[in-house]
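Given these sequences and hints, build the entire structure.
As given, the protein sequences belong to chains U and A, one line each in that order.
Take 376 as the starting number for the first sequence in our numbering and just add one per residue.
Take 666 as the starting number for the second sequence in our numbering and just add one per residue.
Straight-line Cα separation of at most 27 Å, DSS-like style, residue types lysine-lysine; simulated pairs:
{"no.": "1", "chain 1": "U", "residue 1": "385", "chain 2": "A", "residue 2": "945"}
{"no.": "2", "chain 1": "A", "residue 1": "838", "chain 2": "A", "residue 2": "1088"}
{"no.": "3", "chain 1": "A", "residue 1": "936", "chain 2": "A", "residue 2": "974"}
{"no.": "4", "chain 1": "U", "residue 1": "385", "chain 2": "A", "residue 2": "974"}
{"no.": "5", "chain 1": "U", "residue 1": "520", "chain 2": "A", "residue 2": "700"}
{"no.": "6", "chain 1": "U", "residue 1": "500", "chain 2": "U", "residue 2": "488"}
{"no.": "7", "chain 1": "U", "residue 1": "430", "chain 2": "A", "residue 2": "945"}
{"no.": "8", "chain 1": "U", "residue 1": "385", "chain 2": "A", "residue 2": "700"}
{"no.": "9", "chain 1": "A", "residue 1": "752", "chain 2": "U", "residue 2": "385"}
{"no.": "10", "chain 1": "A", "residue 1": "700", "chain 2": "A", "residue 2": "752"}
{"no.": "11", "chain 1": "U", "residue 1": "520", "chain 2": "U", "residue 2": "488"}
{"no.": "12", "chain 1": "A", "residue 1": "864", "chain 2": "A", "residue 2": "834"}
{"no.": "13", "chain 1": "A", "residue 1": "853", "chain 2": "U", "residue 2": "520"}
{"no.": "14", "chain 1": "U", "residue 1": "550", "chain 2": "A", "residue 2": "1039"}
{"no.": "15", "chain 1": "U", "residue 1": "424", "chain 2": "A", "residue 2": "904"}
{"no.": "16", "chain 1": "A", "residue 1": "974", "chain 2": "U", "residue 2": "424"}
{"no.": "17", "chain 1": "A", "residue 1": "904", "chain 2": "U", "residue 2": "430"}
{"no.": "18", "chain 1": "A", "residue 1": "936", "chain 2": "U", "residue 2": "424"}
{"no.": "19", "chain 1": "U", "residue 1": "424", "chain 2": "A", "residue 2": "945"}
{"no.": "20", "chain 1": "U", "residue 1": "430", "chain 2": "U", "residue 2": "385"}
{"no.": "21", "chain 1": "U", "residue 1": "520", "chain 2": "A", "residue 2": "1039"}
{"no.": "22", "chain 1": "A", "residue 1": "1039", "chain 2": "U", "residue 2": "549"}
{"no.": "23", "chain 1": "A", "residue 1": "869", "chain 2": "A", "residue 2": "752"}
{"no.": "24", "chain 1": "U", "residue 1": "385", "chain 2": "U", "residue 2": "424"}
None of these hints come from the bench; they were simulated from the model.
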Amino acid sequence: MSSKTITHLKELESESIYVLREVAAQFERPVILFSGGKDSIVITHLAYKAFYPAKIPFPLLHIDTGHNFAETIEYRDELVRRLGAELIVGSVQQSIDEGRVKEETGYYASRNKLQTTTLLDTIEKYHFDAAIGGARRDEEKARAKERFFSHRDEFGQWNPKNQRPELWNIFNGKKAMGEHFRVFPISNWTEMDVWQYILLENIPMPSLYFTHERDVFERDGQWLAAEECIQRKPTETVVRKHVRCRTIGDITCTGLTLSEAHTLEDIIEEIAATRVTERGGRADDKRSETAMEDRKRAGYF
Amino acid sequence: MERGYLDMQLLRFSTAGSVDDGKSTLIGRLLYDSKSIFEDQLEAVEAASRSRGNEEVNLALLTDGLRAEREQGITIDVAYRYFATPKRKFIIADTPGHIEYTRNMVTGVSTADLSIILVDARHGVLEQTVRHSYISSLLGIGHIVVAVNKMDLVDYSEETFVKIVEEYKKMAKVLNIRNVTFIPISAKDGDNVVNKSDKLPWYKGPALIELLETVSIERQDGAAFRLPVQYVIRPISSKYPDFRGYAGRVASGEIRVGDRIRVLPSGQESKVTRITMAEKELESASNPESVTIQLSDDIDISRGDLIVKAEEPAPQSSQDIVLDVCWFNESALQPRNRYIIRQSVTETVGIVRTINYRRNINTLDREPGVAQLKMNDIGEVSVHTASPVVFDSYRDNKVTGSVIFIDQDTNETVGAGIIKTEKEWKENQTYEI
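Dropping the structure here:
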């Protein structure tokens, strides 16, 4: 019999493709939540492989905070064109204009929290019944208990005590009217797995992930981009540094890493040596010990 | 540049133990000593330990994530943890050990290759050790590691360790557990976890991590070929007008281009013309690969069908199945109740005919004549289904031999079942400890 070794990356890929195919089979209107970050790029790549030579049977949804790096939008549009995929944009600015949410003000103002309302509104508008996200269990302690198929009630809320047990490779996506699921195909991947897979598959990545020169300023031990959407304190001075993004989100809460990583190999080496988690650069997680659990309960990604 | 890290293997294991066995501490130690914990995580745990008045850093706080768990100092749900050494990548299913959470342990163990059972060196083999071992054995875990913890509290005594090993071996024999390894450790101080300890010079075996790095990972590639069809890929495009691919993850065995196959339940036969993963052409596919296969004949195949090799032993097919069931829900399983029975990618409706017995999971006695299986109970149940279930014994195939029970009204997953063949349920196994 066969004695071929399946590497950890192949096994993870195979598991994620299995989950994506289950989504296509069990739901009527699935959608990929596309943030422009590496995790959603990998998800999109996996979806491409799962249904080849057919097109990805679901659209991509970008919740646009209006505070994006220009490179993110360029990359997104190029990807959509290459895959022939459908793109839907949910605008946080529009939610603000319509009075659905109120813009935060001050030095720490972020639209990160406001995204939840725009996301839930968009899901409702298009009747999406499964929103596929790139969240991973290694990112944060509340996510360590997340399911592949995560049930949300009609208010879009996550109740950690009422999640369905997942055994073997059997997924239960049954739901009542108005309820939906969040599905996380790369639950079992770590940050390192994601980068190794990107290298293995040679997936083109946004330039933001590689070192580049940028105007930045330091706040609470973190480098942030000196862009208009972040109000700087008088003491915060702008300097030019070689940086890269370790995660890509809204500009206001994306910490930049001082880095000389030019290639995927450099990035992998840098991560292997690093002593801070990738979400260590995310201001939104630092609000309390259970900040992520609280946001998830409210319907966050 | 060295690219060895692209060739690592993946080992999934579960950990079971009670609140006081030091399970969370052990996991914290594995993550900490393998440098999988980052500075910001450690700082957060140090701060949380201080604010709770703990004198030492409480590594358990690394794993207990939910608000209720941190407040009560217990683990409620299955939590998944990740770490890697230069040799392997690991996924830990961290399961709570208390009897009220039997269902969580069953869940965690269902995807594991190996199970670590913690025993407190001061207390030896307890009821919960029997329970954890029984569940691991029921779910077909290939390898059990008994970690005898808190050796520091028994003066690193070899005699104490040997006594526990003897005690455990007696029970393992009764449960038909074969592959067991015993390791004396102190999770708190890290003895024999990642590094071998000089405090236990009499112990000649490997440290825990060394064992995890080298233990063989069982693949179901020796068994008969099974491919549950998940999805039919039909692009209906001008470039691929006639493409029809059957997508799925190989559950067991191996298939090669040119092999004759049979589709169940219809029984139609055909030949494999192509095996692909996206643009890549493959010669063969085996568990656990996700692939797409194409056949020489245009036959009717849809989601839920099972593709097998024509010359290999066929699975069984029946509307009456007997299962060991673990119940998950507050609403109890009772005879005459109807459930959706979902098996890998297919489902049918089933009516519970009888509860043959409940297994007392502490003494392992069979308790016949029970009216219900309540939450966290395990027992043997006979079910009649609306359409035939095509299955293998769970002992032979974890994919085609397992099901979940879904409540038709609430859509909740209310139970898990392991299918037994007629021979297995007629043997009607009794254990005497």
